[in-house]
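So you can see what is in the structure, the chains are spelled out below.
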Amino acid sequence: MTGVRCFVKSSLAVLALPVLMAGTALAQGTVKIGALLAVTGPAAFLGEPEEKTLKMYVEELNAKGGVNGQKIELVIYDDGGDASKTRTFAQRLVEEDKVVAILGPSTSGPTMAISQVVEDAGIPLISFGGAAVIVQPMKKFVFKTPHSDRMACEKVFEDMKKKKLTKAGLITGTDAFGKSIREGCIAAAPTYGVEIVGDETYNPTDKDMTPQLTNLKNKAGIQAIMSGSFGAPAAIVTKNVKQVGVTVPFYQNHGVASKSWIDLSGDAAEGVLLPAAAVLVADKLADSDPQKKVALAYKTTYEKATGKPISTFGGHAYDGLMILVEAMQRAKTSDPKKVRDEIEKTKGFIGTAGIFNMTDKDHMGLDLAAFKMVTVKGGNWQLAE
Amino acid sequence: MSRLLSSRYAALMFVALVVIVPGLMLNSSFYLRVGALIFIFGFAALGLNLLMGYAGQVSLGHAGFIGIGAYATAVLPTHFGWNIFAAMAAGVAGAGLIAYIVGGPILRLKGHYLAVATLALGILISMVISNEVKYTGGPDGMAVPRLEVFGFRLRTAQHWYWISGGVLFLGIVAAQNLIESPTGRALRALHDSEVAAGTLGIDAARYKLIAFVVSAVYAAISGVCFALLNGHITPDSASFLRSVELVTMVVIGGMGSILGALVGAALLGLLEQLLAQFHEVETLILGLVMMAVMIFMRDGIVPTLQRLLFSRRAS
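Chains as they are written, first to last, in our numbering: chain A, 1 to 385; chain W, 1 to 315.
Worth flagging that the hints you see were computed from the coordinates, not collected in a lab.
Keep in mind the model is a prediction, meaning the values are calculated, not measured.
Quick reminder that beta carbons are idealized off the backbone N, C-alpha and C, glycines included.
Just to be clear, a hint being listed does not mean it is correct.
[Stated by the list, open to error] Derived DEER-like restraints, expressed as beta-carbon distance ranges:
no. : chain 1 : residue 1 : chain 2 : residue 2 : range
1   : W       : H79       : A       : D362      : 22 to 32 Å
2   : W       : Y100      : A       : Y192      : 43 to 53 Å
3   : W       : S193      : A       : F45       : 20 to 30 Å
Chain A on its own, in the form it takes in the complex:
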């Protein structure tokens, strides 16, 4: 008899154990989100604002009680923009830290290098890399928040079409970004009736692009020049354009959308046209613009917390984090597979880069409306539309 009672007791205890454990896990659990960012190295201008943004907003979310009653624990590793390092850290996040989702990497090469890791592990990844190859062809667990580089070309060509300009010259760097812009522009040109009459490239370490620009300037019938560059070379190209006396409209791209480009280019930046995310001109947007509230809030928060002018790059991190958190709230769990399904169902999410509508065929979810044509006037951003 005692034997039976003992058996019943112990089996009750065994049954109760998981319930008790689940209870404690709910009460004091945290949910771990990983981030791989190029905080140092050549892509630090991307990683640094991204890191600040993530830390700032995770703190804010936690102060409000976290997500699904759990506090968010952010695990950030600095990959220095190196693909192999990123892969090691991705495995560390997956196996050691057991994160439920990964934000980043900051650039495209490392994103491609770790896609297989997250696919195998079944953990959603929201990349901040620009290249379209990240989501084309589609991978089940890989998403991205920045506009594809091809969209920048499409926006520029749309603007050219409005102005009845049909002959464009390209000048692009041989780095990942420049290459992506170049391919995007060449592919998108026929759709907008634009003919690429000149196609020049330079190495990212070059200090003078006047020969390439002189070539473009002298191309018969050229009506506009589009540049695909970021960082220091972007400022050099901008200056050189003025120096060789280009008179046709000159378009830059979303990669230069930071205050430092204006500072480096000086007077040469005046009047240059470029497609950029709304966040750059947040205070100048029309009040009816649905993005105004989000963009302005992000700008104010970031500038207040860091004392530095915003760039669009930190905005990509904001979008990624918020899309993830909202997906977790909708899924009411942090189970990676269910969260993935909810990320894919993101509809009408208003972020800094635009309005996201993801589908099972589009893991970015932005359209051309996300870009605003902006220009520089008196050393500051101005809407050009």
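With the hints as your guide, set chain W onto chain A.
Structure of chain W alone, referenced to chain A:
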């Protein structure tokens, strides 16, 4: 006792233990990957040590040869339909051939000029890789076909842990044989004094070239393993920073010491992971560690430890 410890078999035993014991104990593919990377870069540093520590020549472009090995493994099968084993062999042979052709003229340079010439070579190779977008995929990199042996796909970190560990072991055996051969003695003579070596009838240019080619082949083999481990390669496998990392491994671990290269690679590889939590101060701590090694262990970690150990034993 000390003779046994310093003998070549002790070094081999040590490496075998370092490969086998963690390999059996670790079951996380993250740790195995970190181990595999240490073996792979340790292997490249071992080759570079033959050039720097024995022949006394500096190369700041060795990542270029890693790049050649890695990209040959990826590009030849993908774009030209080569058998992957043929591609691997071609990458290693190609790196050796380039080193042979380029090494002839540039090894006649001395000191800083030699360093600058090798630097330029490395940068040229990495520029070609970045710019030949059609074949290499440019800066976004390209996928590497998986290796299949008898229908068995080698793709996990565990597979590559054992393979790169085995390759490292064989590389050490080969390096030891080279050093103890007449060629090795000629190289050491060159390191101590090129003039004195010349009076003994040693053809300096020829032996330097041998060391350069051998080290390039080591780097290319490590590049092949690197590409197959990662499954996706980008031009930063051949970047200048990677070359500097290799030189750092050799100098910190100990120039002219077979185990030194491995210890240097292990130190850099493990510190990267240990300091990952505090990445704000990572560079600072790494710099301090390097300064400490340079000030207190001027010959590098392994030679200094050996001296401490054996001088105590002797007294």
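Okay, the hints, checked on the actual structure:
no., hint, in the structure
1, W:H79 <-> A:D362: 22 to 32 Å, "holds, 30 Å"
2, W:Y100 <-> A:Y192: 43 to 53 Å, "holds, 52 Å"
3, W:S193 <-> A:F45: 20 to 30 Å, "violated, 49 Å"
Taken one by one, the earlier hints fail for this structure only at number 3.
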